[in-house]
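**Student:** Below, each chain spelled out in residue letters.
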Amino acid sequence: MESLALSLVKSFPVLSAAPMWAVSLALMVTAGVVVLVFALTFEGVGSLVLRKVAGDIQARIGPNRVGPNGILQFLADGVKLVLKEDLIPEKADRFLFKLAPYLVFVGSFAAFVVVPFGVGLSPADLNIGVYYVMAVTSLVVIGVMLAGWASNNKWALLGGMRAAAQIVSYEIPVGMALIPAVLVAGSLSLQDIVRSQGGLLGLFGWNLFHNPFTFFSFILYFTAAQAETNQTPFDLPEAESELVSGYNVEYSGIRFGLFFLAEFGDMFIVAALATACFLGGWNVPFFNAALLPPLWGNLLSLGVFLAKAFLMVLVMMWVRWTLPRLRVDQLMRMSWKYLVPLTFVNLLGVSLWLLLFRGKGIPQMIASVFG
Amino acid sequence: MGLKGYIHDIVEAVVTTAKGMRITARYGVDPKEEVTLQYPEERWEIPQGYRGFLHNDIKACTSCTMCVKVCPVDCISLEAVRGADKKMVLASYDIDIGRCMYCGLCVEVCPPKSLKHTSGYEMASVSRGELVLHFVPEDAAEIKARVARQVAEAAAKAAEAAKAAEAAKAAEGSAEPPKPAAGPPEPPPATEKKE
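In the order they appear, the protein sequences are chains R and S. Heads up: the first sequence at position 191 corresponds to 191 in this note's numbering, and the numbers run straight through without jumps. Heads up: the second sequence at position 2 corresponds to 2 in this note's numbering, and the numbers run straight through without jumps.
Simulated from the structure, these hints should not be mistaken for lab results. Hints should not be assumed to be uniformly reliable.
Claimed, not checked - Listed next, with one range per pair, are the computed distances between beta-carbon atoms:
| no. | chain 1 | residue 1 | chain 2 | residue 2 | range |
| --- | --- | --- | --- | --- | --- |
| 1 | R | A367 | S | K4 | 35 to 45 Å |
| 2 | R | S368 | S | K4 | 36 to 46 Å |
| 3 | R | L299 | S | T16 | 20 to 30 Å |
| 4 | S | K4 | R | L299 | 48 to 58 Å |
| 5 | R | M28 | S | H8 | 50 to 60 Å |
Given the structure is predicted, the values throughout are model-derived calculations rather than measurements. Idealized CB from N, CA, C, for every residue including glycine.
Full structure from sequences and hints, please.
**Tutor:** Have a look at this one:
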């Protein structure tokens, strides 16, 4: 952010009158607002697309009353959520009850900070990017547990406990499935990971095709991440049929809206991480976007990144409307007996591959054979 | 569970998920699979023998009360008085459509086939009391009073005629007893009660 501020001051000498920290602060606030607006828009449109996809898959039409073809449905939903009465149960722990949605929201949105949207478009390119995402998304557990506990409702408590158990369990396979990408790139920074997948190989420079183990780790990551964000095959915390709606039963109005937004934010984060770590991030196949003038390069890479990420979101929705919900014991068994050992074996495989072939992937080897 | 079973489980999970996703993708991509009917704009075709709201053609109704007796939920109420021509006159015929369970027994049992199921199925009201269909538009008390008056008139006429006949008999000695002069009472105007 400071380097950006410096370049801005250089290109616009007028700004040099203002102190450096003020320019930096203004830039940070701008970046924050832009990302927040993007996230909120994504959530609105995402909820509409989710419902439309659900309609298509279930041989229905989906929302089609508000606006042409129902495209304004998300605005109606948003207005409804804001206007609803904000209820707090009488026996609830008022302070914790009010705090919980913010924790969940912050935990989900803090992850947007390191998302590599484009060549130079990353709110903050932390050198511990992947680690940071893993850490802040764990904050959601606290919020969810608080929500369940503070509601003073048996369904909410059960949902909160399930969510906590689930998120903590699936944190391990998610982390272990992301490490192969880190190993290949040799860096925890998401921008570095994306850059490592560029080059002349195009599509085959992606970590997805680096070697068989990275391919498996992509699938393992995607599965585990769906569970970590409580997406439908694993949406035990809010299993409607048994828990009414889980940890957020007692919430209404804008507080419920925050949980809802956090859920969609998580969805995008999972898709964005999968894109950045395995699908080449903002790399345009057979084309180096970093060589273009900054504006066009950034726009092109942003478009490519968003296209890939939204495709992943679409796949998540597709899975969501396909698979039935697991049972609690099945969920735990899947994590501890299948995903955790598999990710560890996979990690070992990737490490051995990198050691044996000196960091070269299969496409690189084939390319070197043909010169 | 050995290693073989373990690997079998994993393979099965992947294969079945892929199978399910192929099915949902087919439904998701094919727009012709939509089964939704946009109700207020589009209607489905009412099948023959559809049991919708009941309708009683009160011109044909004989007030036999078969429907009232057969109704399992007692949703039909009927009031009738005997008219001057010895025929029953309907004073009121109400069906509590909110209570009706559309079993169709009353329609089957109706001797003049005046009670029918229509194809109507749309009705809304803010209270349950408004869900009663009235088939006789006039007030029941009015009809009763009118019929009673007509009966009384007819009786008076008959008595007069009898008296006159008796007098004539007494005068002439031989005369046939006259028929009752009163005609059939005017049937109440039969306008359907629309829902």
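**Student:** Indicate, hint by hint, whether the structure satisfies it.
**Tutor:** Structure-based check of all given hints:
In this structure the hint that R:A367 and S:K4 lie 35 to 45 Å apart at CB holds, the actual value being about 38 Å. Checked against the hint of 36 to 46 Å, the pair R:S368 and S:K4 passes, with Cβ atoms roughly 39 Å apart. Between R:L299 and S:T16 the CB atoms are about 42 Å apart, so this pair departs from the stated range of 20 to 30 Å. Distance hint for S:K4 and R:L299: a CB-CB separation of about 53 Å, consistent with the stated range 48 to 58 Å.
Against the hinted window of 50 to 60 Å, the Cβ-Cβ separation of R:M28 and S:H8 comes to about 53 Å, which satisfies the hint.
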